[in-house]
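K.L.:
Take a look at the letters that make up each chain.
2 protein chains.
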Amino acid sequence: MFNKIAIIGCGLIGSSILRSIKEYKIAKKVNIFDKSKDVFTFLKKENLIEGTNDINQSVRDADLIVIATPLGAYKEILLSIKDDLKKNIILTDTGSAKKEINKIIENLNLKEISWIASHPIAGTEESGPQAGFHKLFKDRYCIISPSQEAKKEDVEKLKKFWEKIGCKVKTMSFEEHDHILSLTSHLPHAIAYNLVRTAISKEDQFKKEIIQYSAGGLRDFTRIASSDPTMWKDIFKDNSENILKALDNFSNNLVELKEAIKEKNESKLIQIFSKTKNVRKEIIEAGQDTNKPDFGRKKD
Amino acid sequence: MFNKIAIIGCGLIGSSILRSIKEYKIAKKVNIFDKSKDVFTFLKKENLIEGTNDINQSVRDADLIVIATPLGAYKEILLSIKDDLKKNIILTDTGSAKKEINKIIENLNLKEISWIASHPIAGTEESGPQAGFHKLFKDRYCIISPSQEAKKEDVEKLKKFWEKIGCKVKTMSFEEHDHILSLTSHLPHAIAYNLVRTAISKEDQFKKEIIQYSAGGLRDFTRIASSDPTMWKDIFKDNSENILKALDNFSNNLVELKEAIKEKNESKLIQIFSKTKNVRKEIIEAGQDTNKPDFGRKKD
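If you read the sequences in order, they're chains C and B.
Once you know that position 278 of the first sequence is 277 in numbering that gives the first Met the number 0, the rest is easy, because the numbers rise by one and skip nothing.
Once you know that position 79 of the second sequence is 78 in numbering that gives the first Met the number 0, the rest is easy, because the numbers rise by one and skip nothing.
There may be inaccurate statements among the hints.
When chains are identical, the list treats them as one kind, so a pair holds in a single copy or across two.
Think about it this way: if two alpha-carbon atoms lie no more than 27 Å apart in a straight line, the pair counts; the simulated DSSO-like pairs of lysine-lysine are [unchecked claim]: (1) Lys244 with Lys261; (2) Lys159 with Lys24; (3) Lys201 with Lys44; (4) Lys244 with Lys257; (5) Lys201 with Lys257; (6) Lys36 with Lys167; (7) Lys274 with Lys86; (8) Lys134 with Lys21; (9) Lys98 with Lys207; (10) Lys244 with Lys276.
These are computed hints drawn from the structure, not numbers from a lab.
These figures come from a predicted structure and were not determined experimentally.
With the hints as extra help, turn the sequences into a complete structure.
P.N.:
Right, dumping it as structure tokens:
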């Protein structure tokens with residue numbers, strides 16, 4: 000499908016892409032670059048890569064380049080590689096926010112390159128190449144957002160690439176992506192971080208008990224709140240406008256909920272809770288979660 | 000262990016206790032009462048009960064009475080049964096908040112009865128007797144809070160009862176229970192309800208897409224936000240003081256997080272996110288969740 004693919008950044012996502020490319024024989028050659036020597040050494044030991052850990056060499060002659068680093072590293076990477084890019088190649092990424100990267104690409108004014116942003120919605124709360132596995136993308140959505148300059152045939156080619164490694168591909172604009180993800184992913188992460196921080200406070204003399212009894216709800220949030228801090232710091236920076244708007248809506252709704260609790264307003268509370276119960280049904284109907292109780296943690 | 004047990008309210012929790020009593024042969028006789036005839040008919044069809052659906056008959060001669068209804072039904076139930084109670088029996092419940100029920104019991108001035116509040120921290124997001132199963136309590140904590148009048152031997156007996164059906168029993172005061180649960184369970188539920196309500200709005204033209212891409216974080220909250228509205232309305236009423244305090248702390252922390260996002264304050268964001276990552280480790284070390292990625296939803 001490709002002669003040579005270069006993957007810049009080989010953590011959970013990058014190394015899973017690497018494993019998929021190997022598993023499904025998608026490219027004759029794959030080179031990677033990771034700023035951490037340990038990552039490179041690990042992947043070499045696993046027989047997943049050849050060559051050296053050189054960013055310029057890795058992208059030279061590549062006809063597909065995938066950037067899979069935290070968003071904050073994009074600018075430096077693009078400045079480093081821009082003179083090594085062949086003409087008519089596809090440049091993509093795996094980032095969770097699209098506004099800033101598009102600004103960077105626009106400013107670089109890359110010629111005859113198909114820049115098509117990608118966002119495979121897949122991952123676990125773990126990070127690093129040890130956590131990667133080739134089935135990470137199976138049945139998961141991948142949103143692609145082609146730039147105006149991207150060739151139609153390249154968009155089709157990249158679509159097929161993601162499909163081959165297991166994704167269901169959807170196309171939307173950068174702006175739509177950033178709005179939708181701010182609600183499905185970025186807001187939930189901000190809230191989870193804030194909730195765990197509020198519930199577990201060093202000053203609480205019952206901190207030990209709070210951890211002990213966390214199965215009553217809190218533990219579900221700690222999974223999300225243990226996602227990679229560097230990655231998430233960048234997402235909150237790059238999609239700050241959408242996220243702040245969502246947080247303001249959240250705060251306004253919270254004022255209303257607090258009022259209902261203060262007034263012991265039963266009908267209002269029932270109304271709020273019933274609406275969200277229906278959302279769960281819609282999510283299960285959309286195939287986005289199972290209806291197995293307690294995420295399958297039911298004892299058998 | 001007991002001659003006769005009466006269970007008032009036979010939904011998810013009550014019917015699971017019923018199934019456990021049968022499974023482990025804990026009582027010679029079990030009677031139940033549920034205000035829904037359908038519940039009674041269902042349990043009779045499943046051969047789990049005998050007798051009639053009469054609240055007074057069900058508690059007469061019982062030496063253990065378990066109230067497993069939503070908190071809001073307690074007062075009416077206790078008024079109905081108080082003249083049918085034998086002396087020297089154990090009265091317990093399964094409720095998630097303890098302040099109001101204790102007020103009710105105090106006002107009723109029940110004589111020679113061991114009132115020992117119980118809270119088995121077990122459940123799924125489902126409700127109703129069809130959702131019950133006898134292993135629901137296996138390895139889950141049950142917090143008991145004995146009243147001052149409860150006999151020591153009765154506390155020991157009830158402890159053994161919960162242990163027999165699978166629980167690890169811990170004893171604490173009503174006040175400690177309500178404080179700890181406000182943080183481990185009630186606050187997370189309030190926040191989950193509020194988050195789902197904020198993310199999924201009818202007015203958003205991308206509502207369909209937001210549901211479609213909910214695997215990025217939102218779906219984890221919808222499970223909690225689909226818990227039984229009646230049950231939760233009562234919990235928020237009965238433990239409102241602790242919950243409002245926790246929500247105020249949450250709001251104050253959220254203001255700080257918003258500021259950090261607005262200012263693109265990288266070090267502050269990293270600091271917040273790193274702290275919560277450590278909490279996750281403590282929860283796994285306490286055996287309250289597994290460290291399997293993505294709650295075991297990793298593809299195999």
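K.L.:
Using 27 Å as the alpha carbon limit, work out where Lys134 and Lys21 are close: within a copy, between copies, both or neither.
P.N.:
Intra 12 Å, inter 44 Å, cutoff 27 Å: intra-copy only.
K.L.:
Within, between, both or neither: how does the pair Lys244, Lys276 come out at a Cα-Cα threshold of 27 Å?
P.N.:
both (24 Å within a copy, 25 Å between copies)
K.L.:
Is it within, between, both or neither when you check Lys98 against Lys207 at 27 Å Cα-Cα?
P.N.:
between (42 Å within a copy, 22 Å between copies)
K.L.:
Regarding Lys201 and Lys257, is the shortest C-alpha distance of 27 Å or less found within a copy, between copies, in both, or in neither?
P.N.:
both (25 Å within a copy, 22 Å between copies)
K.L.:
One pair to classify: Lys244 and Lys261, alpha carbons no more than 27 Å apart. Within, between, both, or neither?
P.N.:
both (26 Å within a copy, 11 Å between copies)
K.L.:
Could you figure out if Lys36 and Lys167 sit no more than 27 Å apart (CA to CA) within one copy, between two copies, both or neither?
P.N.:
Answer is neither; intra-copy 33 Å and inter-copy 47 Å both fail.
K.L.:
For the identical chains here, do Lys201 and Lys44 meet the 27 Å Cα criterion within one copy, between copies, both, or neither?
P.N.:
Intra 42 Å, inter 51 Å, cutoff 27 Å: neither.
K.L.:
Is it within, between, both, or neither for Lys274 and Lys86, if the alpha carbons may be no more than 27 Å apart?
P.N.:
neither (52 Å within a copy, 45 Å between copies)
K.L.:
If the cut is 27 Å between Cα atoms, do Lys159 and Lys24 qualify within a copy, between copies, both or neither?
P.N.:
Close inside one copy (13 Å), not across copies (60 Å); limit 27 Å.
K.L.:
With 27 Å as the alpha-carbon cut-off, assign the pair Lys244 and Lys257 to within, between, both or neither.
P.N.:
Both. Shortest intra-copy (20 Å) and inter-copy (10 Å) distances satisfy the 27 Å Cα cut-off.
When held up to the earlier numbered hints, the structure conflicts with 3, 6 and 7 and fits the remainder.
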